[in-house]
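A.B. asks: Residue-level listing of the chains:
Number of protein chains: 2
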Amino acid sequence: MMRTRPLKVALLGCGVVGSEVARIMTTHTHDLTARIGAPVELAGIAVRRPDRVRQGVPAELITTDATALVKRGDIDVVVEVIGGIEPVRTLITTAFEHGASVVSANKALLAADGATLHAAAVKAGVDLYYEAAVAGAIPLIRPLRESLAGDKVNRVLGIVNGTTNFILDRMDSTGAGYSEALDEATALGYAEADPTADVEGFDAAAKAAILAGIAFHTRVTIGDVHREGLTEVTAADIASAKRMGCTVKLLAICDRSADGKSVTARVHPAMIPLSHPLASVREAYNAVFVEADAAGQLMFYGPGAGGSPTASAVLGDLVAACRNKLAGTTGAGESAYTRLPVSPMGEVVTRYHISLDVADKPGVLAQVATVFAEHDVSIDTVRQQSRDRGADGVAADGTGGVREGGEASLVVVTHRAPDAALSATVEALRKLDTVRGVASIMRVEGE
Amino acid sequence: MMRTRPLKVALLGCGVVGSEVARIMTTHTHDLTARIGAPVELAGIAVRRPDRVRQGVPAELITTDATALVKRGDIDVVVEVIGGIEPVRTLITTAFEHGASVVSANKALLAADGATLHAAAVKAGVDLYYEAAVAGAIPLIRPLRESLAGDKVNRVLGIVNGTTNFILDRMDSTGAGYSEALDEATALGYAEADPTADVEGFDAAAKAAILAGIAFHTRVTIGDVHREGLTEVTAADIASAKRMGCTVKLLAICDRSADGKSVTARVHPAMIPLSHPLASVREAYNAVFVEADAAGQLMFYGPGAGGSPTASAVLGDLVAACRNKLAGTTGAGESAYTRLPVSPMGEVVTRYHISLDVADKPGVLAQVATVFAEHDVSIDTVRQQSRDRGADGVAADGTGGVREGGEASLVVVTHRAPDAALSATVEALRKLDTVRGVASIMRVEGE
Chain A
1 MMRTRPLKVA
11 LLGCGVVGSE
21 VARIMTTHTH
31 DLTARIGAPV
41 ELAGIAVRRP
51 DRVRQGVPAE
61 LITTDATALV
71 KRGDIDVVVE
81 VIGGIEPVRT
91 LITTAFEHGA
101 SVVSANKALL
111 AADGATLHAA
121 AVKAGVDLYY
131 EAAVAGAIPL
141 IRPLRESLAG
151 DKVNRVLGIV
161 NGTTNFILDR
171 MDSTGAGYSE
181 ALDEATALGY
191 AEADPTADVE
201 GFDAAAKAAI
211 LAGIAFHTRV
221 TIGDVHREGL
231 TEVTAADIAS
241 AKRMGCTVKL
251 LAICDRSADG
261 KSVTARVHPA
271 MIPLSHPLAS
281 VREAYNAVFV
291 EADAAGQLMF
301 YGPGAGGSPT
311 ASAVLGDLVA
321 ACRNKLAGTT
331 GAGESAYTRL
341 PVSPMGEVVT
351 RYHISLDVAD
361 KPGVLAQVAT
371 VFAEHDVSID
381 TVRQQSRDRG
391 ADGVAADGTG
401 GVREGGEASL
411 VVVTHRAPDA
421 ALSATVEALR
431 KLDTVRGVAS
441 IMRVEGE
Chain B
1 MMRTRPLKVA
11 LLGCGVVGSE
21 VARIMTTHTH
31 DLTARIGAPV
41 ELAGIAVRRP
51 DRVRQGVPAE
61 LITTDATALV
71 KRGDIDVVVE
81 VIGGIEPVRT
91 LITTAFEHGA
101 SVVSANKALL
111 AADGATLHAA
121 AVKAGVDLYY
131 EAAVAGAIPL
141 IRPLRESLAG
151 DKVNRVLGIV
161 NGTTNFILDR
171 MDSTGAGYSE
181 ALDEATALGY
191 AEADPTADVE
201 GFDAAAKAAI
211 LAGIAFHTRV
221 TIGDVHREGL
231 TEVTAADIAS
241 AKRMGCTVKL
251 LAICDRSADG
261 KSVTARVHPA
271 MIPLSHPLAS
281 VREAYNAVFV
291 EADAAGQLMF
301 YGPGAGGSPT
311 ASAVLGDLVA
321 ACRNKLAGTT
331 GAGESAYTRL
341 PVSPMGEVVT
351 RYHISLDVAD
361 KPGVLAQVAT
371 VFAEHDVSID
381 TVRQQSRDRG
391 ADGVAADGTG
401 GVREGGEASL
411 VVVTHRAPDA
421 ALSATVEALR
431 KLDTVRGVAS
441 IMRVEGE
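Going down the list, the protein sequences come from chains A and B. First residue of the first sequence? That's 1 in the UniProt record's numbering, and the numbers climb one at a time after it. First residue of the second sequence? That's 1 in the UniProt record's numbering, and the numbers climb one at a time after it.
Here chain A stands alone, though its shape is the one from the complex (with noise of 0.2 Å):
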């Protein structure tokens, strides 16, 4: 049943995590070959700095010529790690023409232009696999896809960036503010140099797209995602959580519409309950929950970055890939029957934690009450403090307690409501003469 031709494989991009895939593959040679069947071989490495030195690469399979070497016929498998939209694209569907498979960590791609290779993929018969393309180590697609091929998924719910959720992480257990936090970050190598894809939720943008996609079973790209990032929440917003029994946390949060009708995608930052196990979730760790008819609700947790853990989602990849060049089959491709549209973010059902520099005289919660009632949006809770009970302390720590010159604060937390209706109300407020500024706004989620 061993057959002793080995596999080939060609490896596009050989950085952190290219060389980690390089040496496991040229070190665990005997575990490779027993769970294919075959042996597998490194057959090529592309890079752009040939000259660069890679501890345990084989300094003769580097070449810079990408193209070439997914040209080149014998190879059964591309992995590809560059990152980026082209030339990899370009190489993938060259790759796909050349009856490779191909193993990508690449959610830039995949979350713009995901139906393109795939499709490719299915006319040249092979595989397009991605498990390392969100939140790293922790499989999470192939549960999607394969696991809860028989369930509905109705939500997707999930910490998928490392780097914004070491800062809220230290923003919450230092009070630093939000720079202090991503300058530590960065120090840390938790933070890249320019820091925007992340920061400015892209990174997590493109997860939510590739997610919501293989959860409802129909195309989202990232252009469908609302994205806001962390940039504007301040040390007063992560006190305003606390004292909500709350943390901050920056959301992927996929949702079925509950006529199932539709869908949408979104990335922010909202607040979530101590007690909800998304929260316990530290440092640069990721953590995805999934809520299925059948299964109930489903966690993953674990490192969402890194070379090794990233390495491991290649290989588990790589290995199925193999199985089914061996079996002269395919494993489960894309599935978008359902082809749900989505929904703009106004759509949105969400609730908001808003709180508002008030002017302290009588009449004020009336008047910001009506607002409310105007916009349809129903208020679970207000919490009003002014001068006389502004005991705890908050207002010398800019948080929006008591200010000097008859303010006072007004901290609004109201029921589900659609978006947008949120928002209208909002700028509505922003416009009363007795709201001195809207101090924070955010969304509430998993309660």
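No lab work stands behind these hints, which were simulated from the structure alone. Don't take every hint at face value.
[To be verified] Label-pair ranges, simulated between beta-carbon atoms:
hint, chain 1, residue 1, chain 2, residue 2, range
1, A, 260, B, 383, 54 to 62 Å
2, A, 56, B, 420, 33 to 41 Å
3, A, 379, B, 56, 40 to 48 Å
4, A, 64, B, 420, 54 to 62 Å
5, B, 275, A, 73, 53 to 61 Å
6, B, 370, A, 192, 56 to 64 Å
7, B, 328, A, 27, 33 to 41 Å
8, B, 257, A, 29, 18 to 26 Å
9, B, 347, A, 223, 55 to 63 Å
[Said to hold, decoys possible] Cβ-to-Cβ under 10 Å is the rule here; a few derived chain B residues that face chain A:
hint, residue
10, 146
11, 285
12, 287
13, 301
14, 306
15, 312
[What the hints assert, rightly or not] In silico DSSO-like pairs for lysine-lysine, Cα to Cα no more than 27 Å straight-line:
hint, chain 1, residue 1, chain 2, residue 2
16, B, 123, B, 8
17, A, 152, B, 8
18, B, 152, A, 8
19, B, 8, B, 71
20, B, 431, B, 361
21, A, 152, A, 261
Note that the structure is a prediction, hence the values are computed from the model and not measured. Cβ atoms here follow ideal geometry from the backbone N, Cα and C, with glycine treated the same way.
Based on the hints, put chain B in the right spot on chain A.
C.D. replies: Just chain B now, kept in the frame of chain A:
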């Protein structure tokens, strides 16, 4: 690409899980057809009591002749949710011989004789899937077998029995004794009328055997698993754990030995620190930690039992088995190439928390410490409570504080040592004149 002849499924057993499988199969036909790539049809349901009312289960499909059903010859997949060893083993092998793949939720059979079943499936060229056999809806077997196929798993540590977790959670949160907590679990439906399989650890041991075999690519049967139930866990043990900042859980633990040349599998109550994610797994939930070389620490959490969650896992496997049937292939089967032997419990390296009732006189600690040294067991911490220092009020509840008549309590936590050495140490301690009794022994894990 869509074929019109439906895939035919035979269901063996129609209790809590089976009726939910039947219900979903008959109501979610559109989704199942789309995900499989062909229609799937329930062709027969074998039951023992045909007259029982089964809501939503087509009566015309009911038969009492399970053997005839699996021998029909037109069945593509047999779903087995009867449980137990015989007649199920014979039914499954007969199904294989007649060309059907099998999806089973039968942990007892898989843990007793998985090798025979796997060999029969390979011989027949069909699939044997059993995600539902371990931890209900939580995807564990597929992630271990496929997602981590390129990694090296070193440890699996989990709460895999909901009944015992419910009992321990109640004991921890209410201070109840074992019997009282068991009564509550029974009243609420979390424990069966005969709770032996759960509380004596047989159920968890079967799951440990299955997980160890898959995680370490070897064969482990339930007979290889060291098993201690929780019937001897007392309120005093729980209180003692609390004083150490721990809680008590019934854990299934599968380890690869430090030299990589053997594995161990065991089920027993253990103290784990409150900071460990498993400590916060409440009620009847399950959660499993997996530690792998490259992936690091992963956790999988969710409902570990119940009709719907188990049906979710069964249906995920059913979709996979049907897809493979259509493609004319089989999925990843047994991988037992490492042939690693299973070491006995005595060779497991662990830590003990030992609570002794001792005479309250000088020299006792020296005597006790000598016994530990003679067995090459190193002491981590000792806490001694004589009458003078018995201020924390633990004596009143019998949890090991100061007693009348010149007794004191001595709580010793060891460093890691072979279980045989720890156990021999306890036996030697019992023989000391100054040791009046061993109030509690428990292993400490998860640090």
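A.B. asks: Now look at each hint and say whether the structure bears it out.
C.D. replies: Cross-check of the supplied hints:
no.: 1; hint: 260/A x 383/B: 54 to 62 Å; result: 58 Å, holds
no.: 2; hint: 56/A x 420/B: 33 to 41 Å; result: 40 Å, holds
no.: 3; hint: 379/A x 56/B: 40 to 48 Å; result: 42 Å, holds
no.: 4; hint: 64/A x 420/B: 54 to 62 Å; result: 58 Å, holds
no.: 5; hint: 275/B x 73/A: 53 to 61 Å; result: 54 Å, holds
no.: 6; hint: 370/B x 192/A: 56 to 64 Å; result: 57 Å, holds
no.: 7; hint: 328/B x 27/A: 33 to 41 Å; result: 35 Å, holds
no.: 8; hint: 257/B x 29/A: 18 to 26 Å; result: 22 Å, holds
no.: 9; hint: 347/B x 223/A: 55 to 63 Å; result: 57 Å, holds
no.: 10; hint: 146; result: 6 Å, holds
no.: 11; hint: 285; result: 9 Å, holds
no.: 12; hint: 287; result: 8 Å, holds
no.: 13; hint: 301; result: 4 Å, holds
no.: 14; hint: 306; result: 8 Å, holds
no.: 15; hint: 312; result: 4 Å, holds
no.: 16; hint: 123/B x 8/B; result: 21 Å, holds
no.: 17; hint: 152/A x 8/B; result: 22 Å, holds
no.: 18; hint: 152/B x 8/A; result: 22 Å, holds
no.: 19; hint: 8/B x 71/B; result: 13 Å, holds
no.: 20; hint: 431/B x 361/B; result: 17 Å, holds
no.: 21; hint: 152/A x 261/A; result: 13 Å, holds
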